[in-house]
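Be aware that the sequence shown starts at 1, since it is given in the working numbering, and climbs by one per residue.
Careful: at least some of the hints might be erroneous.
[To be verified] Derived pair list, reagent style SDA-like, types lysine to any residue, alpha-carbon separation capped at 25 Å: (1) Lys-230 x Lys-32; (2) Lys-161 x Ala-189; (3) Lys-230 x Pro-23; (4) Lys-169 x Arg-206; (5) Lys-169 x Glu-185; (6) Lys-32 x Pro-165; (7) Lys-169 x Asp-190.
[As the list claims (entries may be wrong)] Label pairs and their in silico Cβ distance ranges: (8) Ala-195 x Asp-136: 29 to 39 Å; (9) Arg-188 x Arg-19: 25 to 35 Å; (10) Arg-98 x Ala-153: 23 to 33 Å; (11) Ala-153 x Pro-186: 29 to 39 Å; (12) Ser-127 x Ser-41: 20 to 30 Å; (13) Ala-153 x Arg-188: 13 to 23 Å; (14) Asp-48 x Tyr-171: 16 to 26 Å; (15) Ala-24 x Leu-184: 25 to 35 Å; (16) Arg-232 x Ala-24: 41 to 51 Å; (17) Arg-188 x Ser-127: 39 to 49 Å.
I should point out that these hints are in silico values taken from the structure, not numbers from a laboratory. Please read these numbers as outputs of a predicted model, since none were measured by experiment. Note that beta-carbon positions come from the ideal geometry of N, C-alpha and C, so glycine has one too.
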Amino acid sequence: MIETFRHLFGLERTGFPGRMPEPALSARLVEKCRRNRGRHSPFRLLRDITFVVFDTETTGLSVPDDDVIALGGVALPPGVEGACDEGAGYAEGKGKERVFDRLVNPHRPIPALAREITGINDDMVLSQPTIYPVLDDFLDFIDGAVLVAHGIAFDVGFLDKYLRPLRTKLYHPVIDTITLSRVLEPFRADHSLDALVADCQITPRRRHTALGDAQMTADLFSAMLARLQKLRPVNTLGELQRILAQQHL
């Protein structure tokens, strides 16, 4: 049985963090990361920024030991706003957003718990590309954008794990909606995505799917950014970054 798994999932050819990309793909990934280094001025107006809200689904919670099995994202065009009390936002199918939705072959059996949570099984990923071709497309999708996620260190940590052997990483500015929630409600106990989405009356989507969670987080980010603007004017990326950084002091 183990030999069958090795053959089906290519385990005999894998090494940390999975099969390495061919030289041409490696060079392309490095260049796509490099061109986003230092690209965003802190004086850049928020209304001129494209935000990409994204999410990963993984085989487990350990960045060193687990792997990505799905990657989803929503690109929010500059100047689009949402409102929490309307339960609507960027990802309501209004034709303004671009989406990214890909399964990834982890070259390993997907554990039962991950299958149960994500609904992704071994058969679904067997014919899918490995992480590096998916990353190649994702880097095009996020080119020039500011990245947003709920608990973003987890998601960026996984993607950077695959880029690290290429001696590169994601250089995009990042925004964590958990941190933004703590800025808005410092005494709130539960900053989970489920709790925040429910409180904002945001339309539930396919929970624990990469695209579904990204869409809900996009709606949430839209709502929270609009709420923050009512509390204090925030015009530039640098101003938003300083507000979020204060939450970590």
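Status of the hints after comparison with the structure:
Taken as a hint, the Lys-230 and Lys-32 pair is broken in the structure, with Cα atoms around 36 Å apart against an allowance of 25 Å. Proposed proximity of Lys-161 and Ala-189 is contradicted: the alpha carbons are some 31 Å apart, above 25 Å. Distance check on the hinted pair: Lys-230 and Pro-23 sit about 50 Å apart at the alpha-carbon level, beyond 25 Å; violated. Distance restraint check for Lys-169 and Arg-206: the Cα-Cα separation of roughly 29 Å exceeds the 25 Å cut-off, and the hinted pair is therefore not satisfied.
Taking the CA atoms of Lys-169 and Glu-185, the gap is near 32 Å; set against the 25 Å cutoff, the hint is violated. For the suggested pair Lys-32 and Pro-165, the alpha carbons sit about 15 Å apart, so the restraint of at most 25 Å is met. For the proposed pair Lys-169 and Asp-190, the alpha carbon gap of about 31 Å is over 25 Å, so the pair is violated. For Ala-195 and Asp-136, the Cβ-Cβ distance of about 35 Å falls inside the hinted range of 29 to 39 Å, so the restraint holds.
Between Arg-188 and Arg-19, the C-beta spacing of about 43 Å breaks the proposed range 25 to 35 Å. In this structure the hint that Arg-98 and Ala-153 lie 23 to 33 Å apart at CB holds, the actual value being about 25 Å. Taking the beta carbon of each, Ala-153 and Pro-186 are about 20 Å apart, not inside 29 to 39 Å as hinted. At about 43 Å, the beta-carbon gap between Ser-127 and Ser-41 misses the expected band of 20 to 30 Å.
For the hinted restraint 13 to 23 Å between Ala-153 and Arg-188, the CB-CB distance of approximately 20 Å keeps it satisfied. Distance hint check: the CB atoms of Asp-48 and Tyr-171 are about 19 Å apart, consistent with the given range 16 to 26 Å. The supplied range of 25 to 35 Å is broken by Ala-24 and Leu-184, whose beta-carbon atoms lie about 45 Å from each other. Range check, Arg-232 to Ala-24: about 48 Å between beta-carbon atoms, so the 41 to 51 Å window is met.
Between Arg-188 and Ser-127 the CB atoms are about 43 Å apart, so this pair conforms to the stated range of 39 to 49 Å.
The structure is inconsistent with the numbered hints 1, 2, 3, 4, 5, 7, 9, 11, 12 and 15, although it conforms to all the rest.
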